[in-house]
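First to last, the protein sequences are chains G and Y.
Oh and the first sequence: position 117 is 114 in my numbering, straight run, nothing missing.
Each number in my numbering corresponds to the 1-based position in the second sequence with 675 added.
Derived from the structure by calculation, the hints contain no laboratory data.
Any given hint could be a false lead.
What the hints assert, rightly or not - Below, in silico cross-link-like pairs of lysine-lysine (DSBU-like), each with a Cα-Cα straight-line distance of 30 angstroms or less:
hint: 1; chain 1: Y; residue 1: Lys896; chain 2: G; residue 2: Lys453
hint: 2; chain 1: G; residue 1: Lys310; chain 2: Y; residue 2: Lys746
hint: 3; chain 1: Y; residue 1: Lys896; chain 2: G; residue 2: Lys617
hint: 4; chain 1: G; residue 1: Lys89; chain 2: Y; residue 2: Lys761
hint: 5; chain 1: G; residue 1: Lys453; chain 2: Y; residue 2: Lys761
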Amino acid sequence: MATPYTLNQYPWWKYLLIGLVILWGLIFALPNLFGEDPAVQISGARANIAIDPAFQDRVAALLDTEKLPHKRLELEADRLLVRFTDPEEQLKAADILKDRLGRDYIVALNLASSEPGFLRALGLNPMYLGLDLRGGVHFLMQVDMDATIKQVEDSYVEDVRAQLRAAKVLYTSVGRAANGGIRVEFKDGAERDKAAQVLHKQLPSLQQTESDPLSLKLTLGEPEIREKRDFALQQNITTLRNRVNELGVAEPIIQQQGNDRIVVQLPGVQDTARAKEILGATATLEFRLADEENDWTQAAATGRIPLNSRLYKDREGRPVLLQKRVMLTGDSIVDAASGLDQQSGGPAVFVTLDGKGAKRFEDATKDNIGKRMGVVFIENKTETKRVDGELKKTAYTVEEVINLATIRDRLGRRFQITGLDSTREARDLALLLRAGALASPIEIIEERTVGPSAGKENIAQGFRAAMVSLLVIAAFMVGRYRWFGAIATAALAANVVLLIAALSMLQATLTLPGIAGIVLTMGMAVDANVLIYERIREEIRNGNSPQAAIHAGFDRAFDTIIDSNLTTLIAAIMLFGFGTGPIKGFAVTLSIGIVTSMFTAVTGSRALVNLIYGGRKLQKLTI
Amino acid sequence: MERFSLYNTNIDFLRWRKVAMAWSIIVLLIAVGSLLVQGMNLGLDFTGGTVIEVQYAQPVEIPKVRETLVKAGFGDAQTQHFGTSKDVLIRIPPHDQRNAATLSNEVLRALQDAEGGAGATLARAEFVGPQVGQELVEQGGLAALGALAGILVYVMFRFEWRLAVGTIAATVHDVVFTVGWFSLFHLEFDLTVLAAVLAVIGYSVNDTVVVLDRIRENFRKRRKGSVLEIMNRSINETLSRTLMTSLATLLSVIVLYFLGGTVMHGFSIAMIVGILVGTYSSIYIASASALYLGISREDLLPKAKEAADERP
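Isolated chain Y (complex conformation) (with noise of 0.2 angstroms):
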């Protein structure tokens, strides 16, 4: 087997700076439209609200349980098969006339209750009072924004300062990128993929801080070049590791798409999504950023306590 061979690369990435800015811009003009436009298409765990995954013993036609639903009053309910014809997914909207707690049970009865039903059971249910969800709301935005800041101060304790705003910006791009993703293709944003996005923004954060340190490295070392040759340098030498540790996750994470189960979907796309554009933007949002804010070599030379610091 011949194995790749991404050494020798010399490419000219920052060349294409302007073209990869004006598109990151179209597109993050695009996903933020959507997203104000369409909003998102939130789960319910923040809009509050009732699902119930209810298993057939025999494969069921959707117009059938919805029927059913009607009869005993729940007209708002939308019903899909989900994985098998025997599994069926139901979701109903805040309830105004109804006890929510016990509303699962009611729908249970009265498809057991309909011809055919016999053997369906509660795989899963879940009910979340308004409340709640508008604190996860809350919550989730806190602690997007706190992992945000949280890296921010470290990336500008560990580097210089235009370079941790290419992080953020870098990290910021990747955010809105696959939140923008979720709401244009109307994908159900849960609590999982929450917990992805925030999984995204570390994950993007690690592949643009690997060039970063190479960028800082080769100031360090090179005496002769420009900055836009050493960042491109950089980006050259790191390019093998970043495609090899985005094809290491992404393969991960596709496994978890096609075994997790239907709960990891979303989770697993946001992840992908993320990992894709995270390793596009540590390529170019990051570096170029920094080149537009006018970083240069004297920005980068340690310091003389540092100096004492480093490696031979």
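Just chain G, with the same shape it has in the complex (with noise of 0.2 angstroms):
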């Protein structure tokens, strides 16, 4: 056995890891304590815009002539962050600079880390805040993968029917059936058996599963069909991102999550209304031809509507009457555009197609000038209702024609549509429309959304609640422990600053519960240093000498340490599997904060009692 002026020693290399490791803690967690700016970040709403030093000089003489005080420009990779001291301004700058910058950039708000360049350079960042502490909007969405699955076989339909036709096999019918799949029907079993043959080789994909002598039954594969709700699920999440990027909102996050969902976190967001409109609904437009040899008041009243015709309603509740034909599809739509009408001075957006949809587009106006057109707007949209205790999930459409205007041209590739209410109106109707229509309805079955201000309240109170709690600790454990409470005390300090470095370095989201999580974490950390100093204390009863009590205390106390921590790690793994959002937040910080608390309540206050205490005769210990 060692003795007592020996026991208590660490070797120098021990002391300079403990250093190394507090250390580096410390240089992680420094970005912490730099605040925020409010700012506005600009970046280019196409690949091909340049953010370069001649736009940052374009946007610094804009906020000059504006007279818009700003802290300072900076232009980074690919965008470029003008910092504001007032939030005030930073909204009146992000409206004037969206205005006047135009749909080629998108401008949004954000909260930039005023930590110096220097430290961004060497890669260190602030821990990033979850929306309960930043404000924003959360939103979990479910993609509708019947509607998806039903989608793809109506346009099944569709080649199904062409394709007999081209055969010239005759068939009575052919349909969607009821329970999922196509079905096709037949007069006689030969054109059926035909129809058999000539369905195998033009659409293999499609399997034939019944054997009825007088229809077909034709059901998509199961690997297409996994394709089609992969496809879904990534067309919606590109769609998603086109659309945060025109509502301008900085670092936003779209994920999926799980097979049929999406999650989408937009920071800093204020107008959760707005968002949700323009996230939530799907929408295209039909193009038809008006009817204009009935009277549409009067079919509306009589509700006699001619066969070859449609009733619609316009945006006042007037009846229209259209074309059952449809001339041009959303599908064709290749851009949109808000402007201004240059004859009429009002909102109008600027529509391009494809190919393909420009050609038919010709083909169907140029017959047609000088007869009326209308544009359906139709929107899809699900909801989840509750029936007699069951849930039951509605998608629905609601049609409404937003224009009716005379065909003055043979329409093209580019082509206009006037007669929108506001240039806002033509911009959201613009957005939705270059987005592209979204494959499936899409529905928001999980929000939660935070005021910027009550944001910054949760932080305040976070922080307050982990400084008092460990003011309360110290004093608690310095009343009962002395100076080894005061070595506690610091190892705890250094355990939050470990925390604070580890949460920095992981980027992990730190939440109101993590901040809770970390409350705890304090609570639970001092239980090492507690059972050490308890084991020291009985030590000394037992007759031992105040060095040798030191050493037994902790090499006895640190199994017990291990046991009880490592089961409390346990529980924070099983809540971090499960946790959602900010429950994860509390289970990272928890079990962080677990592993650093046994480095420090172990290794750190020995080594700091070790520097006081060790190597020198003590006749008496204070503990």
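Using the hints, put the two chains back together into the complex; each one sits in its own frame.
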């Protein structure tokens, strides 16, 4: 056994190692000391739009002429950051910049860390704050996969018809079967067999499942269904990403979750109503010729709709009769931009079509110059209702004639839609069209919105709770263990620093429950010190010398500390696996806190004890 | 300052084990009874629905807000002040007729249009679809069971099975007590409370393991004394640690209750209840259960292989 004099001493490298770890913690935690500036972030809407020094000068000049006070401009890889001192100035500047720069640029509100540039250059960032702390919207969206498959089957119905017609096979009907799949019916068996052959050859991806003398049932293969579902999800994510870009959000998160869900997080978004309108609805357009031969009001009143027409309503609720034949659908639209109509000066949407659509549209419009054409705006919405305790999902469409205009010319690749109420409506319509019609209806199944001021309040409260908790525990520990209590407090402070450093380094999301996790960790972290100190006291009572007691105390308490921390860690990891959003934040801080506390409370406080008490003769130990 | 002294205690804790067991069983029956009879006051996270927190520019009266909401067609909304007289919390159960996703915006608009609502801003809005709520109930239950199972396996691996069962008994006791408390007093049980319950599981086991560690150590160290005496001795020896740690953790959670904002209330209450009952259960339930299961000195003596690892 070692003599008491050398008992409580660490070799020099151990002190060095501990010092380095603490230094690492201090460096990584450092960026959190600097606050955040309200900022406006400008990036290009498309890849070919350069954010370069010339652009920076342009923005600087713009800000000067508009007399917008700002802190400074920062040019980064592909964005320009304008920092302000005051959120009011930020909001005002964002509005003006959005207006002046036009839609080539995405102007987004942001909170930029005001850490010095050299820290950022080193890759050091402050903790990533969750939406409950910075304010913003969290959406969980679900893609309606049944509708996706239905759409695919619908398009196959057309293909089947076309193939059968081309092969001159006589059929009585083609349509979607009630329980999924496509059913083709025939008058006689010979035609059925012929059709089976044709379809097998021309549309091999369809499986012919039922053998019935007078009908064929075609179903999609499992791999194709999977592929379509995947595609629907990816397309939705892409579309959402585009729309979010249009909304102007700095650092949005759009991620797949599970098989059919998408998480959208929009930090700093204040106008949630608008965000939802833009994200939640899917819109397509149909262009149809007006039915000029019948009286619209009369048709609506009597309910007798001419065979080749459909009754719609315009925005004021007035009846509009349009022909059943669709001239063009939203799929053909490549781009849509809002602007002002040069003739009337009113808001307009400029539409660009793809080649195929343009040709179709040209053919359809050339013989109808002077006639009217209606633009039907179709919105797909879904909602989940509880009917007799059962969850029922209903998808419904809202169809509205948004524009009825006279075809003035043969319309080709580019044309414009006028008759919109406001520039904002023109902008929103253009936006929805540009983002492309969504493949499948999508529904918001969870929303969490925190206002920006509430977010700030949450940070302030969390910070205060953590500080006060640290002080109370410090007082408690010093009251009970005197100098050893002070050492435990130092270890606890080091633990908080390491925890913050780890969170900053991992860029894990800090949430309000996460702060609760930090506070809770503080309480539990001192447990290790309590175990050790109580053990030291016991050893002294048992008649051991102070040095031997310290040694034995640390040594014997170690197993217990491992046991008790590991069990808590198991609970924390379970929580992480299950957790959603804020709860995950709690699990993260709790788990990291447990690990760092084992280091600081055992190794860290041991080092301090060794430095202070080790290597000298102690008559008495105040603990 | 005279420091409180706990180290020369020699309290015959286990003498009261029958009383403690009986008390625990009665309390647990009340908790389970309350859960069965009045169930849980499940929060929005689990039931689905909408919660909206609105901050007014000036103090506002609840009846007026309610009137506005009824007029706007939200007759089933619950309204209450939240923190100050300017803050209003509105809960709306899952709605049949309306598109739930846009509901929070409709409510806010209605309030802003009403008299005195000009400066009202949205502080927080949460909407949880019914399907999400159901999933969270399932996942939450699974997480709690998973945590218990994981800990059981760990404790069985580290300790003798009777002590493991004692630990789990103590932990289940604490969880049922905490959850029962929320049921009995009709406190809202939301996701953060569930997180707290899982943290209570961790804490409770932590607390119990320390006592069990000492019991095992004393069985190996002391040749004399009955099982009961050694257990009592161990509980007394760890008493000051048990109380110190509980107090330290309790203090930090109490601070959280008062300073962490209203969002953290449910969490803090669950932790406070959990820590108090966890402290009690690690003294009584864990060791008493092992005792009832007939634990003996031989069960805890190191096997030949382990003996070599023993520290001096």
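We went through each hint and held it up to the structure:
1. Y:Lys896 / G:Lys453: Roughly 56 angstroms between the alpha carbons, so the hint for Lys896 of chain Y and Lys453 of chain G is violated.
2. G:Lys310 / Y:Lys746: holds, 28 angstroms
3. Y:Lys896 / G:Lys617: holds, 27 angstroms
4. G:Lys89 / Y:Lys761: Given that 30 angstroms is the threshold and the Cα spacing comes to 27 angstroms, the pair holds.
5. G:Lys453 / Y:Lys761: holds, 17 angstroms
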